[in-house]
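Both chains come to you apart, so use the hints to assemble them.
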Amino acid sequence: MKKASIYSLILILFTSCETVVEVDLNEGEKNLVVESYLEFSRNTNKGYAHVYLSESSAFYGNTSPNPVSNAVVTINDIHTLVEVPDSLGYYVSQDSIPVGPSEFELKITASIDGKEGEWSATDAYTEIPNIDSIYYVYEPASPPFQDEGFYAKIMLVDPVEVPNFYHLDVFINDSLSFELTPGTKRSSILRDEYTNGSDLDFEVNDEPLQAGDHLEVRLSSITEEVYFYYFNLYTLLTETNGIGSPPPFPLYGNVVSDNVNFNNALGNFQVRSTTVKEITIDN
Amino acid sequence: MKRNLLFLLLLFNTVIFAQDYFTLSGFIREAESSEDLIGANVVCENLKIGATTNAYGFYSIRLPEGTHTIRYSFIGYVDQVFELSVSEDKKRDVFLQNFVEQLTEVVLEDEANLKVRSIEMSVNKLETKAVKQLAAIGGEVDIIKSIQLLPGVTSVGEGANGFNVRGGAADENLVLLDEMTLYNASHLFGFFSVFNADAIKDMKLYKGGIPAEYGSRVSSVLDVRQKEGNLNYTEASGGIGLISSRFMVEGPMWDESSFMVAGRRSYGDLFLAFSKDSALRDNKLYFYDLNMKVNTWLGKKDRLFLSSYMGRDAFKFGSLFASSWGNETINLRWLHLFSDRTLSNLSYNFNDYDYLVSILPEGFEFDWKSKIRNHQLEYDVSYYHSNEHQIKGGLSFNKYDFEPGLIAPAADSSAIVTFDMRDKFAYETALFVQDEWKVSERLLVKAGLRWSSFYRMGRDTILVYDNNAPITYDASLAQYTNGAVVDSLFYDANALVKSYSNLEPRLSMRYQLDESNSLKASYQKMNQYMHLITNASSPTPLDIWAPSGPFIKPLKSQQYALGYFYSSDNQMWDFTSELYYKSLDNVTDYVDAADLEFNNHLETEILYGKGRAYGLELMVEKKLGRLTGWLSYTYAKTESRVSGNGTGGPGINLGKWYPNPQDKTHDLSLVAFYKLNNKWSFSSNFVYATGIPTNYPEGKYEYEGIVVPHYSGSRNQERLENYHRLDFAATLRPRGNDRREWVFSIYNIYNRKNASSLYFRESEDFAGQTEAVKLSIFPIVPSVSYNFKF
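So the sequences go chain by chain: A and B.
Residue numbering for the first sequence follows this note's numbering, starting at 1 and increasing by one per position.
Residue numbering for the second sequence follows this note's numbering, starting at 1001 and increasing by one per position.
The following block holds chain B by itself, in its conformation from the complex (with noise of 0.2 Å):
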């Protein structure tokens, strides 16, 4: 008893002492159109404490009774600066005007040393105002394809799908769009992302200190944020480009509320429909996206948000085969202030990516059917306790479908059968709870708890193998071979097939030297439980996903960095540089010559081992004056190891480490940007990074009069040529501002023939001769695009 009212005076001494400050809470954003500004800062001069607007603009920070001097501030906009009498708790608004006049051209989003304050590390956000000016292949302005210019992230070559970060494949990205969960973000086989810059509002890439509130993925997050939508006035922009074009229209409805509708298609495949050559008429070659978002204020504490995006590839090939592929995700998400303290967001998620493949042999015609979709709830409680202790707390919930393939005649004349993969099912749930804790002046801390669980549900079917192993080594033969099934297990609807559960600890932590300098460390724990099947370095649009079961287990990874934050003192340089350190277990690789394709057990083709990544990061980034870019380098290496254990087979490269597709030991970017004055400013980028793994032959034999390239085994132990770029661009907006731009961009200025891939064959020249040949995707590509706003 004693003990109790202990606590209850020790809670009542803190709110006393609590009510002595007063809250000062509100949105920021920006004036032209009201949209939130995501990362915006607030910050009390006279006592040196700040605050930084979460995804929805909000922020709130505690303030002592009396005056204060309150600076609003944002990238690129006028900071606007208030005296404020507290005496009570305060909600303002407040709206950043853009700050055009200024010949400065900051690229990277970054305020006053917020890398040096922030107690974000591994984390790297790109202003699509930015993106736009860099030249890209066609003109087609790419998000992914930006970001691979910054430490850290690449990608396996110029017509691989995906990006890869800090050594991890693809699908170890977590790639959102206002939440919403997109399984391929490529169009155009890997050459452009779907994401369309005009309905871009912000994006953020997480490498590492990933907070407590992502999971799923084990290498980085991708959390893109549409724009909401003009709160102020009607307004449309686009752009015309040679591979696509595209166009937004965003505006209010009614009070408090907006709307923001964005296209983008590419229309190659229409020029073609003017073709003499009925050959080329028939065949089609194209994407779109459709974006989607409407939002709205239902009194002053409610905010509803409507979140659409549909993309598509579609793809036909003369009458021997047609295929498409795209995502279909939609987001509804409510905002509700409890009080100028307490935020929450709840919201549902629907995702989902199918792909459609028509193959139309005579006789055989068939159409082959893919998907994944999953439904997910989620909500979560931001609490600005104190400018001590900002705590975050949710939850969520993901029921996953997975129709891994369906393949059926489409001609009544075809000799083909109905083959019908069993569909999957699976539950993924989350706790966490996180808080960032101010624990002195230079010390912060985020300290993060998040509690994963999966649970693979029937109606399936699952083998039981001799001795449990699905996959056994053959000495003999020196081949693995299918493990010998002793029975099977049928589990009905609903029923629990497997179940793991994980603790997922996140740290971070941020030690402030002085005003310019700062050390930072972080480490999480992650886990994955979804898996994109292939053994391809790149993935392709027809991949399928698959849940984890009793055999394919969940990917685990830890992560360690340390970091090191510098910011000149007149704020023209920032220096950042980081180290880590990435541990993986139950990484998959697959046997040799894996049959992958409409396989219901993949357990026959999986092999496990362990991972690890490790590197450098520098980036120089000079942020003021008319020439602005930076300077990015990485020396990492990623590899795995995988014995065979319980196979009885030596495993892959002997069991040996050898390195991933994706290991590129160094990777530099230049980028440079130069505003000569309104109406011209100029981009450069020049990229060099080591070649991709890639395997030799150690001789050559004839089977059948066929000459075969013959390969010892290990795996990845050569290498592609370096790989290096120069691209150019200049933008002219011949009105001075933005409402008109041309861009001219020459992509590989210098022509270099890049290699993408080398392999080994028989001359077509010269019967029984042998010959290497590099295959070169893009040349020189010279491009111009028109952008407008009205």
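So that you can see chain A by itself, here it is in the shape it has in the complex (with noise of 0.2 Å):
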């Protein structure tokens, strides 16, 4: 935990009012958002390439962003992703992309606002460890933090030979489970800089389960640059609005623009390696 967010948590004891202020906004320019995956799964040792382009939009803009659609997205030049008929914005491998080389390169060409771009990302394929096993606990309840009930945990041994990145899903009930702020949906990240080594055996879940919930953990092994993507992200949602905080910043991935109409993408691209694991809790 960051102590930003530490201190953030104890200035709220003594933050007395909120107010929605109407705020006069200069907008900047249209930009392309890339949400960019390569999945490979630890099970099939086969990669799926899924991919969503948008646009950014005014702050005081439409609720849900423009898709980019008619996009040239390739993988490695030679795999070509289709977009979803009905899914505009969304593009999708064919066939399986086997793991072969360690690296792995995003091309996209779109138009935003009638000008044409072309962006390219590199990342990097990192192996996942397997979870050694998913188990559940009764917990009573720890005031104000947690309620009673059942919380699921998971068991792996962090590898001690590398620096290793997490990314973590939960679902619960096919649904993300944690929230980043009220209403957000988010996953979180790991990194083992403190625990290397370790035998990790944690809780996953924040709201306590009850009988029947399905849980799937989704663990994904990421590459520190991604791991560093999602802590700015973080970051920038949760700790740069508070009172005396650092400032925000632009946050960019590593979606670079090839030519001069655009800067560089917003989102990024990931090459992840996933293990899955499900538990039911028994009625």
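By construction, these hints were calculated from the structure, which means they are not laboratory data.
Quick caveat: nothing in here was measured; it's all calculated off a predicted structure.
Treat the hints with care, as some may be off.
To be verified - If you only want the chain A side, here are some residues facing chain B, beta carbon under 7 Å, derived:
| id | residue |
| --- | --- |
| 1 | S56 |
| 2 | T63 |
| 3 | V84 |
| 4 | P85 |
| 5 | S102 |
| 6 | F171 |
| 7 | S198 |
| 8 | F202 |
| 9 | G242 |
| 10 | S245 |
| 11 | V260 |
| 12 | F262 |
| 13 | N264 |
| 14 | L266 |
Stated by the list, open to error - Which bits of chain A does chain B cover? Going by a derived footprint, with three or more residues having C-beta under 8 Å, they are:
| id | region |
| --- | --- |
| 15 | 24-32 |
| 16 | 210-220 |
All C-beta atoms in this analysis are idealised placements derived from N, C-alpha and C, irrespective of residue type, glycine included.
What follows is the structure in structure tokens.
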């Protein structure tokens, strides 16, 4: 936990009032937003790519983003992704992509506001260790942070040889479980800087599970660059808006603009290897 | 040979000439308690010459043989006037009576046109008596909040830690309590200061014209002195407020010795223990202070002081985490009178600031500790050569130990492995000399020179970067990245890693136009070798201090100031105006999304640049009558330019000047005290200030279903709304004296929702919709406190 988080949490105790206000804002140029994943299953060693392209907008603009359609999206120049007919802006690989190379390159050609641009990004494959087990326990209430109920845990051994960076999605009854800010579901990220080589055994759900609930854990290995993209995303959203906070910043990932029409794209490209475990709470 | 003889002859002549003069010296003290009075005046009225007591209440003045009229005076005390026949050196200790009967409430310390006559400029003093009458949040008397009502002193907000002087960051203030350094002078995250007003005797803030005896910080020195303790009889005082209660007892111990012990504790958490809700019972939030001072005379020429301060904040939030932080300091001081003109001061200080955070999620329980401590030895000698020259010189030696961070598992089952950031060590030394020279009746000059040195020592491992660049710019990603490490150098214990040495000239001048008007000017050059590592606009208690070294450079500043001072003939009004310009080199700022926690290589996050601050400070003060107070106004700018030199990058804000987080263009305070009678007195203050700089997004986008505001990268180009507030306090003394008093106060009387921050987010109620949210801290806050003395 960052100390700014601790400090902010403490300050909240004294916060008396939040008021929604009208502020005149300057509007920047539209840009490409990239959510792109090349995900390999640990079990099958096969990878599939899925990409969602959209546009940034004015802060007080549309409530949902404009998808970017008719783009050309390739991986390593040989795997061309196709746009899903009923889901504009979504591009998926037709066939599985083998693990083979350690680095993968994403290329995008798309039009934003009538101007054509090209973008590219690279990311590396890192192997995910296996989740040794998943189980759940019944825990009493520990107010104000924990309600009484079932909590699922996973066990794995963090590899000691290399720094590891993890991305964790927990789905409860097919819904993401963590909240970043009220109402906002998110994933978790972990790094082994202070746990390198340890036997990890930790809870994965914030809210207690009920009998009959189904829980799915998707643990992925990501690169350090992708880890810090998420880290900075969460920092930007939660720690640059309080009293005496650090200044906010433009958040760019690894998607580079290859011409002068545009800045680098927002979002990022990530290669993941993923392992999945599931459990259902007994009735 | 002839030249040497000539020199000796000249010297001899000087001595012969000096024999016509004799020294009158001693201490000026308060009659009731025999406390030394700092800044009291002794004036030879027939010769129109005078002197002021130093920090130990000592004065020394040279008088020719003959009969003289000597006046001793201090604000709020009855003058004493003597006809004194001088034919030999004389020692006279004077005890001034508190002037309790007057209806006048003089607030800022100022004796008859002292501001006009004194060489000091850019200095603020505020009596604790005045501070206690001001409205305060929860009735909690606060010196640091009160000095923000004076020109040139601000903060970035109500919940901000520390204070800002002439545009400087909070870590650029040297905060001293009886010469002990306080690394964090705030409680409860900046809402209150660590100074218990009952234990404080005197407070002086140097914003410029800083004497050569002070160094280590580039913006200001806040010199706070604790009471020595009543030498005549034992008494106790205290107060009960909504947030804390305090108690102080002082008195004599044996001949010419006294003590003072004071304590304060907040008690919100004590009430939690009575809660039926077990969740609430398990929480903690409190602070406490313990002040102590003893002193004793050892004969007529030696005096020993022992001071200490210990304060701590503690916080526990259920089973998730707990934290505590605080200062522990001690000062041992030996004052020695070599003669009636020569006084020395030898002191040893130990200062410690540490924090502990325990984070307790199951499976990852850990403790996180950090500490800075220093041992300091100081020696200075003041020599009152003549009425024309007062010379002071000294040296100091500081040893710093930095323990930036240790993470250790807090449970057997924890997966956390121990992580120890390397401890760091440094020495800081200084030599100084200064002379206050009365060139003529009109012209007074104080010139000083400080030679400061800093030595960063091993044991440590220092990385060697390609092209000596710890930070480089990746143009394709448009991001700063860590420089390439090509080697590392290990320095053993006591091996020198890096040293810096700098001369710091100081100069102050006063030209008295007449009895009521004077012009003043000052120049100072200062270096700061210690840096609080934070990219926030206001530091947190959990930030760490880092020493200058191979990569982190000393912060350097030069400040020029010009002032005009006026005091009306009847002493009713004072007017001061000052212009200042400050330039800074090696200003640090941090790259976007800087990673500052548990980072052993902070050099990979820091960019260097220049800074400047300039402004105009005006102050009108009404000192006499039932209605007293002041109006202060500051126009100021404080900016940085960080170009990214050596990194290949654009720097911050594309290398253009940008406002610092503490930049406030206009800052106005109106403070009024009204004494109705001996039972009732009132105070009110109104403050108005330009909103602090902030940042607005220029767009938004959605990533993984989360709405993300998008910022352009320019820094501090927008502002929060302007800040204003009105407070009111009434003091009731049922018996007409200060033995019992009730203070009723209302903070933010018209319930202004001042913005402490403004942030941008997705609406909680409407998915995808975005909104700007203003965060306010204190609404209207009424409070009552009760003070007593017996």
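Checked hints:
no.: 1; hint: S56; verdict: 4 Å, holds
no.: 2; hint: T63; verdict: 3 Å, holds
no.: 3; hint: V84; verdict: 17 Å, violated
no.: 4; hint: P85; verdict: 22 Å, violated
no.: 5; hint: S102; verdict: 20 Å, violated
no.: 6; hint: F171; verdict: 13 Å, violated
no.: 7; hint: S198; verdict: 4 Å, holds
no.: 8; hint: F202; verdict: 4 Å, holds
no.: 9; hint: G242; verdict: 6 Å, holds
no.: 10; hint: S245; verdict: 6 Å, holds
no.: 11; hint: V260; verdict: 13 Å, violated
no.: 12; hint: F262; verdict: 12 Å, violated
no.: 13; hint: N264; verdict: 6 Å, holds
no.: 14; hint: L266; verdict: 5 Å, holds
no.: 15; hint: 24-32; verdict: holds (count 6)
no.: 16; hint: 210-220; verdict: violated (count 0)
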